[in-house]
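Each chain, letter by letter, is given below.
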Amino acid sequence: MKLQVNKQRSRWWIISAAILISGLIAMLVSWAQIGSPLRPGLDFIGGTRLQYELDCQIPNNCSKPIDVGTVRQIVDAQGLTNSSIQVVGQYGLSVRTKERDLKVEQRTQLEKDLSEKIGTFDPNKTQIDTVGPTVGRQLLSTGLLALMISFFGIIVYMTVRFELDYAIFAIVALFHDVWLTAGFFAIFGVVLGVEVDSLFIVALLTIIGFSVNDTVVIYDRIREIISKDGNRAIADIVDDAVNQTLARSINTTLTVLLTLLSIFLFGGETLKYFALALIIGFSTGAYSSIFIASSLLAWWRERTGRGIPAPAEGLSQVDATSSNDASSV
Amino acid sequence: MQKQRSLLALILVLVIAAIIVIVKIPIRLGLDLLGGAQLTIQVKPTQDVKQITPDVLEAVQRVIENRINGLGVSESLVQTVGQDQIVVQLPGVSDPQQAERVLGGTAQLDFRKQKPGTEAQLFAEQQIARELKAQREQLRKAGDKTKLAEIQTKINSSNEAIASLYERTNPPLTGKNLKDAFATTDQAAVNWSVALRFDGQGGDLFAELTKNIAGTGRTLGIFLDNELISAATVDVKYAQAGITGGSAEISGRFTVQEAQDLAIQLKGGALPVPVEIVENRTVGATLGKDSIQSSIYAGMAGLFLVLIFMVFYYRLPGLIADLALIVYSLLTLASFALVNVTLTLPGIAGFILSIGMAVDANVLIFERTREELRAGKSLYRAVESGFYRAFSSILDSNVTTWIACGALFWLGSGLVKGFALTLALGVAVSMFTAITCSRTLLMFAISIPELRKPEYYAPKKVEVSP
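The listed protein sequences derive, respectively, from chains F and E.
Here the first sequence is numbered in full-length UniProt numbering, starting from 1 and rising by one per residue.
Here the second sequence is numbered in full-length UniProt numbering, starting from 1 and rising by one per residue.
Think of the hints as simulated: they come from the structure by calculation, not from any bench.
Any given hint could turn out to be false.
Cβ-Cβ distance ranges computed for the label pairs, FRET-style [as the list claims (entries may be wrong)]: (1) Asp48(E) x Gln73(F): 37 to 47 Å; (2) Arg137(F) x Val102(E): 26 to 36 Å; (3) Asp113(F) x Gln79(E): 28 to 38 Å.
All of these numbers come straight from a predicted model, not from anything done at the bench.
Positions of the beta carbon are idealized from the N, C-alpha and C atoms, including for glycine.
Chain F on its own, in the form it takes in the complex (with noise of 0.2 Å):
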């Protein structure tokens, strides 16, 4: 089987298209929501998150489960009436209070009315969050800018080894990858209102690390048969490069996704939106280096007019080439 990325380009380029438009329509969706592209979480717009459960080694501690009302009435109470209330299991319970984060005496106090009404908590099982608000803008900016930074730093990496178009279509495909990663939680973010924190950041970073190292694979072999064999259609080489790269290509991702599966499913709670948001930019990311990255290369090629050989030779090869797709259709 031989894979024909550039006979087909305009439908992989009209897939991803498709894709990335519904990844914008939702973060257009999610803006007019709620004024952000994605769900910023914690990390981002600063806030407290309070996470108890009770004591159960205490007798009668554990009677009954949790009731969010009792809950929620309480935390009205507090004037923090915009907080989101979720009883985890039947003895956890989890409180999140929105954009303004819980100084030492108001949670204290949060903290002993919900324990006389509902139980005595297990300070070994609590878990307190709080980020202010100027915090949380701090690792907002920092993590953008990191993300513009290595985005620069490929660029500039890629031009040195490869040349400049080499450099811009892999940026183009990483570009795709990150964009398609966010819009996935753009869209998770309206339906299911998961929540971005740094860690998606980091995520991001990862899978930009990872596109271009799967891109630059190709490319490496593109330029390698240029060099011995350049006398050919850009196409042709193009499929031949990502041919003959495809097993490593599907086996690198397998290996990944295999592990980012393992902690997707034995991870824990904190890290599972994480593996999450690599499994989709990983798979992605395999997705743009074999059919975005190198059949817009070849497409360039073919515009600027160093795409086309020496006519001679140039002729029987590009039949060759025909030839050859004529049977495997």
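Please arrange chain E on chain F, whose structure you already have, making use of the hints.
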């Protein structure tokens, strides 16, 4: 062959060394795994202190350290971050509320006079306090938490007992009135003392206070956050007017270190800069343990799946890649211990991820080897050129990952840094193991005649292209 043998020996030595390192040096765990509180404290400028200079930050840091000593936490860590923040890590703290209350207030420095008739009592109490503090130091080194908490309760009551022997003047002389404090020395530079400078009102109050106690044998007590940090007698010659002029010197048999220490403490207390806790991440001890548990499962499952996949797909080279992967895991964990990485939850994720990515180099090489074999090269040459020709791809792809890691490391905060460092280390070690370990083992395998069948290296495949 000789080269192969010595490389094999080197790898063996490294593996053994790695195992010893892993057993001997425990990897430091982050608070999200250990349980505990991490607080970020923001130092805020005021009208008097318009800018937070490194000096100001250091003085505030000292105040915070003093307060943490008062909490009785072992292995706490206080670090300044950026220009105006201090990060405090309190492992295993069970009452984050108390910690926040204690750490979050503005420092209180004041000068008090000793009550008459308490000289003997003060002497005895100071003796007790000294002993208790020495014990606390020892316990802190030993890391005994329960005993440490006990001692701290005793120290707190001892502090109160001492404080009760003093009274404030009216109006009180506080840190607000202290303009500066610094270590100073006589000509011979043997005896160090601490010089104090007061503002106008402070100078008057200080004169009044010292006049009161000069020559009586009672002391002037300097309290920081209600704890006595210095008790000095005033010479009888000041009994007439007190120490006037707004400056004074606390002399004693200070060493440079002690004098500087006291000066910084005084400065910290003198700064009326408010501090605010702007970030608090507290994780219960049991939750941390659960996280470790689940990450061990995740790591094991991930490693296992990758190992199986490699043997299944790549046969003998796959098996060798698996060995290399296990060597990789050991070396990486050992390097975490050596570089003193603090392992956090995202850090573990970075490590697990790097297991998946570490095989990439092997995959590249083996795919190349297969191609060369199909092109009709001999086994030895195929393996050789597989390694040779895959190298530039391996290097390029790893450099791009490092660029992303670098951006994360320089700009990211604590948790994110951990991820970047573990991933970057992992990638570096994986390059080493892929190039030396897999290669040596593969060459070694080829040297054994029984293992020299090409179908062990590349399963027969129906070729489409000629």
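Hint-by-hint comparison with the structure:
1. A beta carbon spacing of about 45 Å between aspartate 48(E) and glutamine 73(F) agrees with the range 37 to 47 Å that was offered as a hint.
2. Distance hint for arginine 137(F) and valine 102(E): a CB-CB separation of about 28 Å, consistent with the stated range 26 to 36 Å.
3. At about 35 Å, the CB distance of aspartate 113(F) to glutamine 79(E) agrees with the hint of 28 to 38 Å.
Comparing the model with each earlier hint shows no violations; every hint is respected.
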